[in-house]
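Reconstruct the complex from the two isolated chains, following the hints.
Order-wise, the sequence lines are chains E and B.
Reminder that position 113 of the first sequence reads as 113 in the working numbering, one-by-one numbering, no gaps.
Reminder that position 28 of the second sequence reads as 28 in the working numbering, one-by-one numbering, no gaps.
Among the hints, a few may not be true.
[Stated by the list, open to error] Calculated lysine-lysine pairs in the DSBU-like style (CA-CA distance at most 30 angstroms, straight line): (1) K108/B - K45/E; (2) K34/E - K50/B; (3) K33/E - K123/B; (4) K123/B - K45/E; (5) K46/E - K95/B; (6) K108/B - K123/B; (7) K108/B - K32/E; (8) K32/E - K50/B.
[To be verified] Coverage of chain E stretches by chain B, computed from C-beta distances (three or more under 8 angstroms per stretch; other residues unrestricted): (9) 32 to 42; (10) 61 to 67; (11) 73 to 87.
[As the list claims (entries may be wrong)] Quick list of the computed label-pair ranges, beta carbon to beta carbon: (12) E48/B - S39/E: 29 to 37 angstroms; (13) D35/E - R88/B: 30 to 38 angstroms; (14) N13/E - F156/B: 29 to 37 angstroms; (15) D35/E - A86/B: 24 to 32 angstroms; (16) H50/E - G143/B: 46 to 54 angstroms.
Keep in mind the hints are simulated off the structure, nothing from the lab.
Using N, Cα and C, we set each Cβ at its ideal position, and we do this for glycine too.
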Amino acid sequence: MSFQFDIGSRARNAGRFIGRVRNELLRALSEKKKDGKLSQQALAKKLDVHRSLINRQLSGEANLTLRSLADLAWAMDMEIWFELKKPAAHPGQNEPVITSTLGYGEIKYVNVAVRRERVARGASSGEIVKSIE
Amino acid sequence: MSTIEELVLNGAISRIEVEMTKRDQPLRLLYGTPDFIEWLATLTSGAEPKTRLGQATAAEQIDQLFYSYLSGMPLIHIRQFRCIRAERNAVWELKTPDTRIFGWFMKKDCFVCVFGNWADEIKEYDLYRGYRIAIRRLRRQLGVDDNLCVQGVNPFDVLSV
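Same shape as in the complex, but just chain B (with noise of 0.2 angstroms):
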């Protein structure tokens, strides 16, 4: 049985910032995987979708979205999370216009981000499955189990407010 202290110490996951303004307390936590960190550094860099939907450029999405987040902002269900599918410790995905990132919920307001890709490439290779096979395999690899995992799927059994 993991804990969230020994996921970090072992460099399986890390904390996830972003700037905060002045006025702002962070009120959930955000956690990735080293390849998710990796996809966000190539964001930074500049990388884009063949086509871009938003009026925002990929990278100020993201920001936004996590900026939401972690204020405590109310995420709008369907629009921008969702779950995969209505099971047991289920997968969710975090949505962008442009992207999409999937990963769990450790505890309520405690996403973990493992994949990171483009909306239109998802929706043209239908990889929701193979993300959602892989991050369960990826969890069982770092034992986590219903400690270190939100049962419910319902809306607000994932986000307070």
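The following block holds chain E by itself, in its conformation from the complex (with noise of 0.2 angstroms):
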């Protein structure tokens, strides 16, 4: 048995492009950060504005307008390509994927007691993480 989650066409292309837009932005700055030229911080600054806004329109919590997509295009050194065309009409090949999954790179294992009982007695957190690792 299955379910088909159907919200219409013209729902989902609204969706997907606003969707696709983000993670297009994400994944450049994720590079970016990979290579170490550019942090989330370093973006604000550039752009002269409070790192918290980045942080909410890359993750779609704010409003993108195409000034602040061009905006955060230029503070990353990158230009933006836009292109309408017909929908591909025959099946084929999924997307070509361009990068990882791995955006964010592997988890950190925190010990969560030792971090309690420094808590509890008032380490500073710098103590705290140094006595994790």
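This is the structure in structure tokens:
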């Protein structure tokens, strides 16, 4: 048995376009971060806005205007390429993947028990991290 | 010991699909419990959170997430998916700006959705622990053990690409 989640072609088109733009921004920033060239903080500084705004725009919690999209691309030293074309009419290959799922690296394990104990003793966050490592 | 086929046959889970473009082939699998599918149906009827943060509607956000997942696109760790707690047989969360989905990976690229809710409600009432415990209980009831649960907690343990 299967369930088809169908929201209609108009809504589908809008949602997937918005998602694709956001994912592209995240991918670009993730690559810049990996190269050590740009952090979210540096991006905010370059655009003279608060870091939280950048974070909310990238996470989709704040609206992106064409202006803010252009500004983000400029700050990342990237070019926006926009094209309207007819949808692919024939079955073929999925869109090639150009990045990895591991954008933010591997999970860091935290020793919760040690952390709790140190917090209870009032240790600073630096000391807590050091003791866990 | 249950198999995916048995779980589907006895109605414990159903396959979830979204409209793909002609170009795309589904490269991953998605299942949902009856309660989760009921929640999805409320989204198609226009349910929205009290305050929507995203530009897309809640239903559009979920469609986009499912489409990205099913068509094999890379999902962004932490931003779009993460494990609730690094533990054996972990519970995982799929995320959109306004919604959260909780479940587990039966196999790599094979996710079962169990609970869906608004992100603000989950944060406000801190429902993470409750969902995690409820999912662990459900798996026990369904007879799902290690054979239908991804053990690792790193992104590449649960998603290819």
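**Report entry** Contradicted hints - numbers only
**Finding:** 1, 2, 8, 9 and 11
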